[in-house]
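Chemist: Heads up: the protein sequence lines correspond to chains A and B, in order. Under our numbering, think of the first position of the first sequence as 1, with each following residue one higher. Under our numbering, think of the first position of the second sequence as 1, with each following residue one higher.
Incorrect hints may have been included.
Any copy will do: because identical chains look the same in the list, a pair fits if it lies in one copy or spans two.
Said to hold, decoys possible - Capping the alpha-carbon separation at 30 Å, the derived lysine-lysine pairs in BS3-like fashion look like this:
#, residue 1, residue 2
1, Lys153, Lys169
2, Lys153, Lys97
3, Lys186, Lys89
4, Lys153, Lys89
5, Lys146, Lys97
6, Lys146, Lys166
7, Lys153, Lys196
8, Lys97, Lys186
9, Lys146, Lys196
10, Lys89, Lys146
Since the hints were made in silico from the structure, they are not lab data.
2 protein chains.
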Amino acid sequence: MKSIITISREFGSGGRTVGRLVAERLGYAFYDHELVNEVARRCGFSPRFIEENGEYANARSSLLFSLATAAQTPDMLSMYDRLYIEQMKFIEELAEKGNCVIVGRCADYILAGRDNTINVFVYAPREVRVNRIMARHNLSEAEALKAISTSDKERGNHYFRYTDQKWGKAQNYDVCINSGLMGIEKTAEMLADMAKIEVRA
Amino acid sequence: MKSIITISREFGSGGRTVGRLVAERLGYAFYDHELVNEVARRCGFSPRFIEENGEYANARSSLLFSLATAAQTPDMLSMYDRLYIEQMKFIEELAEKGNCVIVGRCADYILAGRDNTINVFVYAPREVRVNRIMARHNLSEAEALKAISTSDKERGNHYFRYTDQKWGKAQNYDVCINSGLMGIEKTAEMLADMAKIEVRA
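Could you build all of it, start to finish, from the sequences and the hints given here?
Modeler: Spelled out as C-alpha cells, the structure:
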C-alpha cells in the first residue's frame, strides 16, 4: 500500500479531478487549494499570488544560484523562491503524515526516492484538452489553445528551474497516463488500485 | 477492447516480458523475434542484421532526407532505411489483422492515431535495470551500466531519426510505467485490464 500519491498534470487533462477521485477512493487527504491556503498563511503571500506563481516561474537563474547568492544576503531571495521553499517544507510535512494525494508543485521531485510514494503524470491529446478547457472555463477554441501553450511553457520552465529535470519525461514518474484513453473515472480507479498493491521485492 | 498493444521499452526494464505476458493474458499474437524473422524473409537481410540494426540507427541524416534523395536513385537508400521501411509495412499489416502485441521498432509511431491501439512505454530505475541485465546476460555491474548507456543512446537516436520525436517523452504514449513499481507480472496484468476497458467518448 502506497501512502502518498503525487499528481503532475497538463492543464486541461483532468489530472486534478483524477487526483481528487483517487483520494476519495483511498480515503486519503487531498491537497491542492488546501496546500495553497496553508502556504499563504505561513509566508504571508496572498492565496492568489500562490495560485499564480506556485507552479509558474519566470525567473532567469536557477534556484541553486539564487540560494548561493542569498546565503550572503537572505533578503535577495526572490518571492518566487521563498514561495517554493515554503511549499517544499509543507509538502515534506504532509509526506511525513502520509495518506494523501498532492497535486502539482514539483511534489514528485521533492518526494523522489520514497518507497511509499507513487509519482503520476496525467496528460491528454490536444483535442481532449481543448474541449475540456472550453467547457470548464467558457473559452473559445483559440483561447483554449493559447492557454494550453502558455501553461505548458510556464509549467515546463518552473519544473526545470526547481528540479533541473525536463517536465513530462516519463522516467521522472512511476506512471504516466493519457486520461483520454479510459476517461477520468477509470483512470482514477486504476491508479487507486495500483496504490493498493503490495509489492514483494 | 483494444486490439493492438505496442510496447516500447528500456533495455533491462523487463518490457519485452511484460509484452509477452500481456499477449498471453489477452490471447493475442506476440511479435518480437517473429517480426524479425518475417522481415528477414522479405528483404533478404539476415535475422542477426535486423536484431542489431532494427532499433539502432547510426545514420547521420533523417529518413525524409534519404527518401527525397532516393526518389531519384532508389539504390541510394541505405540498408538501414530499407529495413525500416520493410518493418513499417509489416507492422501496418499486423495492425490490420489486429489482436497482437508488438515490441519496439517504432510501432507506437507507425500506428499513432488508431483508436484500437494502446501505446505503452516500459522503463525502470537504473538499479533495477542493472540487476536484471547482470542476471540475464551474465554481466558485471560495470558491463551492465555500459550496456544501458549504449542502448539508451542508440534507441533514442534511432527513434528520433525515424519519428522526429524524443524517445521516452510521456505524451508520445498512452501509458508509461516503471516496471519496478509493481513488478513484471502485476504490470502486465494491469495493462491487459486496461486493454479490456470499453471507453464511451
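Chemist: Next step is simple, just say for each hint if it's right about the structure.
Modeler: Consistency of the hints with the structure:
no.	hint	in the structure
1	Lys153 x Lys169	both (14 Å within a copy, 15 Å between copies)
2	Lys153 x Lys97	neither (33 Å within a copy, 40 Å between copies)
3	Lys186 x Lys89	neither (32 Å within a copy, 34 Å between copies)
4	Lys153 x Lys89	within (25 Å within a copy, 36 Å between copies)
5	Lys146 x Lys97	neither (39 Å within a copy, 40 Å between copies)
6	Lys146 x Lys166	both (21 Å within a copy, 23 Å between copies)
7	Lys153 x Lys196	neither (34 Å within a copy, 35 Å between copies)
8	Lys97 x Lys186	both (27 Å within a copy, 28 Å between copies)
9	Lys146 x Lys196	neither (38 Å within a copy, 35 Å between copies)
10	Lys89 x Lys146	neither (33 Å within a copy, 37 Å between copies)
The structure is inconsistent with the numbered hints 2, 3, 5, 7, 9, 10, although it conforms to all the rest.
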